[in-house]
Amino acid sequence: MKRILAIVFTLLIALGLFACGKEPEDTKATTENSSSSLTTESTSESSTEKVSTELSSETTTTKPAAFDPENLQKGAKGEGPVTIKTPTMTFSVPKGLAFSLDTYSMTEEKPFFGSIAMTFKNSGKKNWGTLRATSIDKFNNLEEASKKALRDTHYDTYENGKYAEEKNVKIGNCTFNVLHVTTDYSEKDYYITFAKRGEKDFYGLFVQLEVNKKYIAADDPVITELLKSISIAAEK
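Just so you know, we're using the working numbering here: the sequence shown kicks off at 59 and counts up by one.
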């Protein structure tokens, strides 16, 4: 009897040791999940850092090029005084007047087809005006150009929109039609001139200075100085 009990006791001890040596399934699963979670978090952080670095690289803004009157480039910024010559016109930016070259597509190869646009800022960095010259729109005379410019203001879409016009105003080398346009939100003046530059000039050159009187006085001498400097090139 003692012998049988001894054998049973030995078997029980062996089973106990075997059970202690085996890792519980729940504990094993928890360990594996924790390890997997750590790996996923590490990978996620790495991916986030990579994406963040790539986005940072892509959104880094390039400093605008310094304005070079001999090499006109879109986006360039500068300050007067400076004289700007294009194949179709010449004009001067007055002293201290900040500007940016928003559009430039005129070339020597196609002197009668292209455009230029410049934005001017006051001392408070507010955009008070835009000078635009283009030979893309076809007009026959100043009257047609003025009508198109007036339509583009969309003054008639405002409840209190109205305008007044001064015709054939001589300023410097050019004759302008001046539109005084008022809406519920702004008060602007548009100085418009137009010229054919020769027999080969099918489209003519449309020039417009848009002045926002919210940010500059209508009689500011810088406006007259800029307009006086405009000279449209004749056909060579």
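Hints were generated in silico from the structure; no laboratory data involved. Even glycine gets a Cβ: it sits at the ideal position worked out from N, Cα and C. Do not take every clue at face value.
Stated by the list, open to error - Subject to a maximum C-alpha distance of 30 Å in a straight line, what follows is the list of computed DSSO-like cross-link-like pairs (lysine-lysine):
#1 Lys135 <-> Lys220
#2 Lys183 <-> Lys254
#3 Lys168 <-> Lys220
#4 Lys286 <-> Lys168
Stated by the list, open to error - Taking CB as the label site, the calculated pair distances span:
#5 Glu217 <-> Thr148: 38 to 48 Å
#6 Tyr221 <-> Thr282: 14 to 24 Å
#7 Pro139 <-> Glu217: 36 to 46 Å
#8 Ala275 <-> Thr165: 35 to 45 Å
#9 Gly219 <-> Leu130: 28 to 38 Å
#10 Val140 <-> His212: 11 to 21 Å
#11 Glu137 <-> Thr282: 27 to 37 Å
#12 Asn231 <-> Asn129: 21 to 31 Å
request  = Please flag the earlier hints that this structure goes against, numbers listed from lowest up.
outcome  = 1, 2, 3, 10 and 11
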